[in-house]
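A.B. asks: Given the sequences, and given the hints that come with them, work out the whole structure.
Protein chains: 2
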Amino acid sequence: MTECKTAQKKVGYLGPRGTFSEEIALSFYRGVEGCFTPYPSISSVIMAVDSGEVAEGIVPVENSLEGSVNVTLDTLAHEANLFVIKEMVKPIRHNLIVKPGTKHINVICSHAQALAQCRHYLDKHYPGTDRVEVESTAAAAYKVASGAKNYAAIGSLRSAEIYGLDVLDQDIQDNSNNATRFLVLSKEPVSAAGVKSKTSIVCQINGEKAGALYSILGEFAKRGVNLTKIESRPSRGGFGLYVFFFDLEGSWEDEQVAHALNAVKAESLWFKNLGSYPINTVE
Amino acid sequence: MTECKTAQKKVGYLGPRGTFSEEIALSFYRGVEGCFTPYPSISSVIMAVDSGEVAEGIVPVENSLEGSVNVTLDTLAHEANLFVIKEMVKPIRHNLIVKPGTKHINVICSHAQALAQCRHYLDKHYPGTDRVEVESTAAAAYKVASGAKNYAAIGSLRSAEIYGLDVLDQDIQDNSNNATRFLVLSKEPVSAAGVKSKTSIVCQINGEKAGALYSILGEFAKRGVNLTKIESRPSRGGFGLYVFFFDLEGSWEDEQVAHALNAVKAESLWFKNLGSYPINTVE
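Each protein sequence line maps, in turn, to chains P and L. With the working numbering applied, the first sequence corresponds to residues 157 to 439, in that order. With the working numbering applied, the second sequence corresponds to residues 157 to 439, in that order.
No lab work stands behind these hints, which were simulated from the structure alone. Just to be clear, a hint being listed does not mean it is correct.
Note that the list lumps identical chains together, so a pair holds whenever it fits in one copy or between two copies.
To be verified - In silico DMTMM-like cross-links for lysine to aspartate or glutamate, where the CA-CA straight-line distance does not exceed 20 Å:
1. K166 with E289
2. K242 with E189
3. K280 with D206
4. K280 with E209
5. K280 with E235
Everything numeric in this text was worked out from a predicted model, so none of it was measured.
C.D. replies: Written out as structure tokens, the structure reads:
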């Protein structure tokens, strides 16, 4: 990591170099004097923003095929106090990449989601081959490049280029609707007034009370606030106890949204505002 | 895989021998002439039931700390047409196991999650000892049994028994809320009339229509049908389109449940009944 200049904004992303997060970072901060720091895991990116080590962090939150990135949701709910200031959706294309000269593949390594997104391809073309999970697609490319024998990685064309690897097969994802949504996180919320925006919240509702979720949804419905996503995660207190993440259209600065959120807050055991931010346009 | 006798019920589970899935299989089929077949992945267990290769299959569906097992939900929604005939919740208990005669432990190996779940125990009793990640707790037991010198594994009592290992210490997990819920799947539904039961369904609702989920929940709420779980997964048609899994109290054979489900079915783009089955008692 090189020293950042004073005027530069420090930005953390899931490294190493060559990850989709890095591509998103370069695209988002195009024209900005950014100083980019790779972190070894999603939770370490989030906690670096929380501790003030970097000003902003970029993390994946959801994939169109595999669903939510659990560590992102769990860390935002239970460990950090941050705001989403931007979302970006990036189409994901996977490739099978190897060290030049590789004849046999005994192990295929990648991020767990990438392995899952190519499951049918791997079952068909590499049945019985071990699949090893590493921290990121770029970490897999790095592992292959640094000489893990008979290994292949699943990763981006950019990671193959960065690490000097051959591309054996392109676009191996099972479904062409494969896209990942990234969030830019900060300790300070932004104003999303006057633009088409979205708001994210997380809350724990009373699981013992029948109809508690129904009542919460009613607070949105009766004010005409549209939900774009609802996701449950274990509360970590045992089976049947969940926290709920909601994404909804509009900003805290809109009157109806503010009323709905205040009502939801009043009905929740705990509640966290994750911020209002402009709705993404696909990159 | 040994040949099954004609009278035996063929049952598939997530292998290799010694996994928690195998323990669940042995516990569920106690006293039944079962013929058990390990499969290398969760989706292959489910598809073996779907194709009739085995009569029943056992798969994990949810962990109390980590949440849903996505591959189980997605395969049930999109690829197989099966019914849940039983659920079982198994507390996850870890044990320190070694080859008989082991005097010193230099390395402790297990699945990454098992190592993490015993971190405080290991820090206290084995500070400075190397920790090595392998594919499963059963694979760790196998590694120790096949002679890795001065190795200990973290695994189940059953894996110690299968691989002829000594149990050095029991119940070494740090968090007692750790439990996994398993489903037994079949091509034929069972009757859950007259017992305390649960019903699972999956449906896709009209994401374009504001309040569609609220309306679905209303069908349950107004008939006093309690939901025990709600989970969204990507529909695979692009962002913002989800299928919803609901677990609810009662059976299709109960009048109020049947009415609610018929109403939900009528409001859904597609709907799948995953069966009614007795509510688990923890094993």
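A.B. asks: All hints are to be evaluated individually against the structure, with a verdict given for each.
C.D. replies: Against the structure, the hints:
no. : hint           : verdict
1   : K166 with E289 : neither (29 Å within a copy, 32 Å between copies)
2   : K242 with E189 : within (18 Å within a copy, 58 Å between copies)
3   : K280 with D206 : between (43 Å within a copy, 18 Å between copies)
4   : K280 with E209 : between (45 Å within a copy, 19 Å between copies)
5   : K280 with E235 : between (40 Å within a copy, 16 Å between copies)
The structure fails to meet hint 1 from the earlier list, while all remaining hints are met.
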